[in-house]
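Got two chains here, separate frames each, mind docking them using the hints?
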Amino acid sequence: MNKAIPVLAVLAAAGLAATSYAVFTYAPFEPVLLFNQKIFYFHVAHAFMLFVAVGVCGLCSLVYLKKRSPRWDDVALAGAEVAVLFGAAVLISGSIWAEAAWDKWWVWEKRLTMSLLLWLVLVGYVLVRRFAGASAERLAAGLAVFGTLGVPFVYTMVDKGDHHPQAGRDGNVMTLTGPMKIVFWACVLTFLLWFLTLVLMRVQSARAEREIRELREQGLDAGLFT
Amino acid sequence: MLRHAARIAWKDLRIELRSREIVYTMAFFGGLIVVVYSFAFPVKPDLVRAAAPGMLWVAIAFAGTIGLGRAFDRERENDTMRALLLAPVPRLSVFLGKALAITALVMAVAAVCTPLLALFLEAPLFAAPLPLVLALALGCLGFAIVGSVFAAMLLKVRSRDVLLPIILYPILIPLFVAGVYATEALIAAPGPALDKAWYWIGFLGIYDASALVLSLWIYESLVIE
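As given, the protein sequences belong to chains G and F, one line each in that order.
Residue numbers are given in this note's numbering: position 188 of the first sequence equals residue 188, and the series is strictly consecutive.
Residue numbers are given in this note's numbering: position 171 of the second sequence equals residue 1171, and the series is strictly consecutive.
Bound conformation, chain F alone (with noise of 0.2 Å):
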């Protein structure tokens, strides 16, 4: 089931990476969010503190979610998502190869915002890089492993551009808070509180495995032509 998984994560990664549109679009809007918000806010080195962790989860959202419907969007316009769902592979292994690859495109955004912030702002956001990877990984991650579930589920439904963020936000509000409150802890005044990033690291991933079980408990009953 694995291997087709990665199979199908790599037939998506490689479609990206010949025609880059998803990629480009979504890295270019995420950072013109960025640019929008140094120009918003006063860049005030306790502002910024406050502010950053939030302007950078709220990046990955917008263009998270531009990306998902685009990506779905491609399987819709060929109408090859029946034939992803026909093929003699389990659905789960489609489920989880979809996510794996939007996983793949929304760090794509992550990293390119991450370090504007850092930049355009003054925020200190290197000051532990690898728990906010870490911390980045998983959001997006579970934001892949949600928005997969519904971003399939709405292919068929016309609104489906209002309606993606309509589900996925509320959804998402544990997620994107917990992320907010481990980069915020990484960034916090004197120097990373790394014990509440870690807890909130441990949140994240917490959510992430519980959303995965519930994903691959009742994809085959949600997503059905």
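Next comes chain G alone, as it looks inside the complex (with noise of 0.2 Å):
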């Protein structure tokens, strides 16, 4: 794993700059939108590793709360801490798309909806993992595996509710075509390798945080640092 961190962050790098680039001049404008489009292949693709990051940490808590191994909860919250980087960068790019193409910073649609409240609990569960103290992997592995159970319910609720305005175009990835498809995809592929580069130097950032705790304990208890 350790060998991995390095070659993900280089190829992040490397995919980073050729998606910018390609992004600017191989992607045809968009014509209704024109320019604008173009802040979509970074909001989706952050959008897609915002899901991702939530599925991994609401399996990883589940399966931690079950079998009680740590290292599953290292990885719930190296994906939790990463989902609420991801989701400001989702909600953010959200908002400047949003005014640029409807004239307003925030609607209620139902994206945008799903990624706030989703964003909401994981801010929660980093928020309970910093503040409550001793049973804090617990009450936080508890919250993500209720914030993910909400998912299909918030999913139906924003689909359903007639609240909101529907605005934008009905707009499907699956549908997109030709030099635009590549570059979407891309652009998907290099967020998901930085994704898993962050993933991984948190899992062990969190690893190594928690051995030099269970050595501490190891040394109290042999009466080291008396």
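A hint or two may mislead.
To be verified - Pairs of lysine-lysine residues, derived as DSS-like cross-links and limited to a Cα-Cα distance of at most 27 Å, are as follows: (1) G/LYS66 with G/LYS110; (2) F/LYS1156 with F/LYS1011; (3) F/LYS1156 with G/LYS66; (4) G/LYS110 with G/LYS181; (5) F/LYS1044 with F/LYS1196; (6) G/LYS38 with G/LYS181; (7) G/LYS67 with F/LYS1156; (8) G/LYS110 with F/LYS1196.
Hint data in this document are derived by calculation from the structure and do not stem from the laboratory.
Below you can see the structure in the form of structure tokens.
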């Protein structure tokens, strides 16, 4: 794992350079949104990673609760923290795009709503981890599991509730064609590499923190620090 | 298991019936929220129609959180939670019993807030009483299920008063929003939109059922002493 991190980081950096270039040169203008649409490659790729991160966090939390092995907890923590980061990128870039495309900084569009709610759960997770003291791991894991359970409910809720204006084109990334499709999936791959880099680094540091804590406790038990 | 759960719920309710501390304070708090609303928002029929469902559910959420914290504080003060967990009954009965007792408490708040909202804000909340009661009951039940899991875990945590809402609200957003939609459909302008209301009541039911299954599945790994 240690050796994979630099490789992934270099690949992600190269991918970022290449895709930034391709987004502005190779990919054609979108007929309606024109230049505005360029942020899409960045925004949607981040949104995908947000969902991946939430899945990782929820699943690892569940396994942690069932197996009680702190290794899973390290991964859940890493997933949650990286998801907060990517979620912030999604919300900010989404806001900028919304202002450009719909003339509003924020609309209660279903994907935006969904990202915001997921992001709130994850921020809650990180806060609990930091401030809940001794049982923080279990509490946060419970929060992640229940939060992940809520995802389908939030989805139906924002889909069916006619409270919110349904703005924007009914975009589906699977319908992209030609150069746009290539550039888009290249962006997703790039950010996936970047995501993996961050998660692996965080897992490593979380594991190191835990090992130091355990060693310290062993030392205290053995009467080394009196 | 259910028999034990009922016994634990009855124990909690009996303590409560003797002191009436939580019910009185929660209900009074819920009533105060409604009074604050009626000062904060102008009482106009169309505005009330739009805002009353949200007011009702926010009042339930706030008062419920306070009651939840208090109900579990009672177990903490005499360290009786440990005794309860050590009792020769399945842990799940402890959980179910607690959840049932809390449901009753939160429903008491709803029973105070709803008529008050109808009275002070002239909200037509009783246009279709039966679905409304069902929606409120399911909402309170879901709140109590998820709330009991986390309040039990937070017993030993110092900043539990702040952490409880921080944990509960993001999780419970679907529940509250579905409750608001259901209530909104019931007080809609020409007459209650029953189709829509029943859809959201069903949504609440499914949410409660999934939360219950998940809680039963992970409660034992979550609450350990």
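Do the hints match the structure? See the list:
no., hint, verdict
1, G/LYS66 with G/LYS110, "violated, 33 Å"
2, F/LYS1156 with F/LYS1011, "holds, 22 Å"
3, F/LYS1156 with G/LYS66, "holds, 21 Å"
4, G/LYS110 with G/LYS181, "holds, 23 Å"
5, F/LYS1044 with F/LYS1196, "holds, 24 Å"
6, G/LYS38 with G/LYS181, "holds, 13 Å"
7, G/LYS67 with F/LYS1156, "holds, 23 Å"
8, G/LYS110 with F/LYS1196, "holds, 19 Å"
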